[in-house]
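Novice: Using the sequences plus the hints, can you model the full thing?
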Amino acid sequence: MVSFQFILFSAVVLLLYYTVARRWQWILLFCASIALILYVSPKAAILTAITTLSVYLLGIALDRKNEEYRSAVAQTDENGKKKELKEAFRRRKQRYVFIAVLICLGILCGVKLATSFVDVLNELILDRLGKGLSRTDILVPVGLSYYTFKAIGYVVDVYRDRIRAQRNICKLALFLLFFPTLTQGPIDRYEDTAEQFFRFHPFEYRNLSFGAQRILWGYMKKLILAERLNVVVNELFSGNYQGFYILVGALLAGVQIYADFSGGIDVTLGLAECMGLRLTENFRQPYMAKSVAEFWQRWHITLGVWMGKYVFYPISLSKPFSKLGRKAKEKLGPENGKVIAPSIASFIVFFLVGIWHGVGMKYVIYGLYQAFFVSTNTLFSKHYEKMRGFFHIDPERKSWQIFQMIRTLMLITIGRLITRADSAQHIYNLFRSMFAEFNIWVFFDESFFNLGLDRKNFFLMLFAILILLAVDIIKERGIRIRETISAQSLPVRWLIYYLAIFALLIFGMYGPAFDPANFVYGGF
Amino acid sequence: MKEKVLALLKEIRGDVDFENEEKLIDDGILDSFDIIGIVSELNDTFDIDITADELEPENFNTLNAIVALVESLM
Chain D
1 MVSFQFILFS AVVLLLYYTV ARRWQWILLF CASIALILYV SPKAAILTAI TTLSVYLLGI
61 ALDRKNEEYR SAVAQTDENG KKKELKEAFR RRKQRYVFIA VLICLGILCG VKLATSFVDV
121 LNELILDRLG KGLSRTDILV PVGLSYYTFK AIGYVVDVYR DRIRAQRNIC KLALFLLFFP
181 TLTQGPIDRY EDTAEQFFRF HPFEYRNLSF GAQRILWGYM KKLILAERLN VVVNELFSGN
241 YQGFYILVGA LLAGVQIYAD FSGGIDVTLG LAECMGLRLT ENFRQPYMAK SVAEFWQRWH
301 ITLGVWMGKY VFYPISLSKP FSKLGRKAKE KLGPENGKVI APSIASFIVF FLVGIWHGVG
361 MKYVIYGLYQ AFFVSTNTLF SKHYEKMRGF FHIDPERKSW QIFQMIRTLM LITIGRLITR
421 ADSAQHIYNL FRSMFAEFNI WVFFDESFFN LGLDRKNFFL MLFAILILLA VDIIKERGIR
481 IRETISAQSL PVRWLIYYLA IFALLIFGMY GPAFDPANFV YGGF
Chain E
525 MKEKVLALLK EIRGDVDFEN EEKLIDDGIL DSFDIIGIVS ELNDTFDIDI TADELEPENF
585 NTLNAIVALV ESLM
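For the protein sequence lines, the chains are D and E, in the order given. The first sequence begins at 1 in our numbering and counts up one residue at a time. The second sequence begins at 525 in our numbering and counts up one residue at a time.
Please note that the accuracy of each hint is not assured.
Stated by the list, open to error - To give an idea of the interface, some chain E residues facing chain D are shown, with a C-beta separation under 10 Å as derived from the structure:
no.: 1; residue: Ile536
no.: 2; residue: Gly552
no.: 3; residue: Ser556
no.: 4; residue: Phe557
no.: 5; residue: Ile559
no.: 6; residue: Ile560
no.: 7; residue: Ser564
no.: 8; residue: Asn567
no.: 9; residue: Ile574
no.: 10; residue: Thr575
no.: 11; residue: Asp577
no.: 12; residue: Leu579
no.: 13; residue: Glu580
no.: 14; residue: Leu597
no.: 15; residue: Met598
Unchecked claim - Far from chain E, by Cβ distances over 10 Å, these chain D residues were calculated:
no.: 16; residue: Ala11
no.: 17; residue: Ala72
no.: 18; residue: Val73
no.: 19; residue: Glu84
no.: 20; residue: Phe198
no.: 21; residue: Leu208
no.: 22; residue: Leu251
no.: 23; residue: Ile348
no.: 24; residue: Met361
no.: 25; residue: Met387
no.: 26; residue: Asn439
no.: 27; residue: Phe449
no.: 28; residue: Leu453
no.: 29; residue: Gly478
no.: 30; residue: Phe502
no.: 31; residue: Phe507
These are calculated hints, taken from the structure and not from any lab test. Beta carbons: idealized from backbone N, C-alpha and C, even for Gly.
Specialist: Right, here's the structure in full:
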């Protein structure tokens, strides 16, 4: 997505979109997406085709069952009979949806396990024999995770009778595989986004201008900030540092992943906007969250919503969990008992999100850690309230809210340390090394200029972080930045554009001598 | 029916003005833990079976929507 080829490819598609392909825009986007998939992962495209074809066919089968159910219900007035019919159809439909999910998840898990297996196999045997396999020997379709999540969401929504099945497989494929979303999502829902792809979009200057601004901002985040942070963070976690270095490393790692991931999403959403398409937002100023639970509602939003709809609620409301909930309420009282079942469900969600990032014991710890804060938030809310009353803290006060934001930032940062470690033992080592030395002087001497960036670049990085923070504060206050810019007079507007473009050209880390790191979330 | 549902909701979140709020879910007034609590109470009290399939914002945004959902499943 940062490559020159991608930018050129997108520009050509955009040009055709509003000129020769005006009357068949969606067909152009379908062809472009398929071409990109065949170009990036030609062999693995067969797996993409299997997923698409299975949700297409099973979606139609489910849709037919929904229709049959509706006409069967229309013929009866009896309430009991209606319930019976509903149950009977539900059971029949469950078979279809089960097969669809099994195929989608089977491919996703199979590919993920195979790539982890290559690492283990190399470490144990092959490297010693000098015959190490590369991860690229495994068929990994581009965008695998993202289109798989979308495909499961689609087929479950047809099963739930929220949407009608798409009868045109090319249209369904476009929704699943729209090329800007392949690298890192967002995980759109069919009912929110799909229909707009198939409508005609006349050229509008506003779409192009707003989309281009967003793309520019995304590349600035990625190439000016995330790439610099990448250098510093990798150095800090190289194993040669301790004390405050580790704390600063964890904080910067948080900013890095934010700039990297949200920058990529800005490029995707900006590109879609240029075409008159609105995809789902994935971030809402996450570091302004006042609790860990709220952080997860602002960070990677589409994954959170997906996990809620297709994992958390189905588990929490399943028969065994309802039973567990009732028992917990009897034993622990209604206040404490009610959080037990959803707490376990949220642990499962965080654990799944964890192993989606990579296989390993540390993700169990990570899952427990996040779920602990999410569930205690509810469990202790009454006690927190009492405590605030005792200390005469007004929850509406700015200072209290800032305190909450910093507290959340620290908790998230510690969580980040867990994912940064290679193993459970390493987590312990990282924590230990954080407290091994009280080297507060690193903030005052020249230490930070020896982490791979010179003084000038380090300050530029800090300045960029401040800008990112300022933009988030402005957005949090409900000010729409692009609207504000477009309300300025022509010279002011173009001055801003030029400054942004020059900043990107001068300070962006790219070019033949520099190989920008892949988007972190492109690897998932 | 409406009074019964309202009493049940008040039991779980006494601080929320269920009679006047129109966007209980969309505005994030109820979080996922509240929803699980409400659904399991509704299921037990009215002997119905609200599943994940019914958990869409439009069914939980207002008191009336919740009442309508319960009635449709009875």
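Novice: Compare the structure with each hint and give your call.
Specialist: For each hint, the structure was consulted:
| no. | hint | result |
| --- | --- | --- |
| 1 | Ile536 | holds, 8 Å |
| 2 | Gly552 | holds, 7 Å |
| 3 | Ser556 | holds, 6 Å |
| 4 | Phe557 | holds, 4 Å |
| 5 | Ile559 | holds, 8 Å |
| 6 | Ile560 | holds, 4 Å |
| 7 | Ser564 | holds, 5 Å |
| 8 | Asn567 | holds, 7 Å |
| 9 | Ile574 | holds, 7 Å |
| 10 | Thr575 | holds, 6 Å |
| 11 | Asp577 | holds, 5 Å |
| 12 | Leu579 | holds, 5 Å |
| 13 | Glu580 | holds, 7 Å |
| 14 | Leu597 | holds, 9 Å |
| 15 | Met598 | holds, 8 Å |
| 16 | Ala11 | holds, 37 Å |
| 17 | Ala72 | holds, 17 Å |
| 18 | Val73 | holds, 12 Å |
| 19 | Glu84 | holds, 13 Å |
| 20 | Phe198 | holds, 24 Å |
| 21 | Leu208 | holds, 31 Å |
| 22 | Leu251 | holds, 27 Å |
| 23 | Ile348 | holds, 13 Å |
| 24 | Met361 | holds, 27 Å |
| 25 | Met387 | holds, 17 Å |
| 26 | Asn439 | holds, 41 Å |
| 27 | Phe449 | holds, 43 Å |
| 28 | Leu453 | holds, 39 Å |
| 29 | Gly478 | holds, 14 Å |
| 30 | Phe502 | holds, 40 Å |
| 31 | Phe507 | holds, 37 Å |
Of the numbered hints stated above, none is contradicted by the structure.
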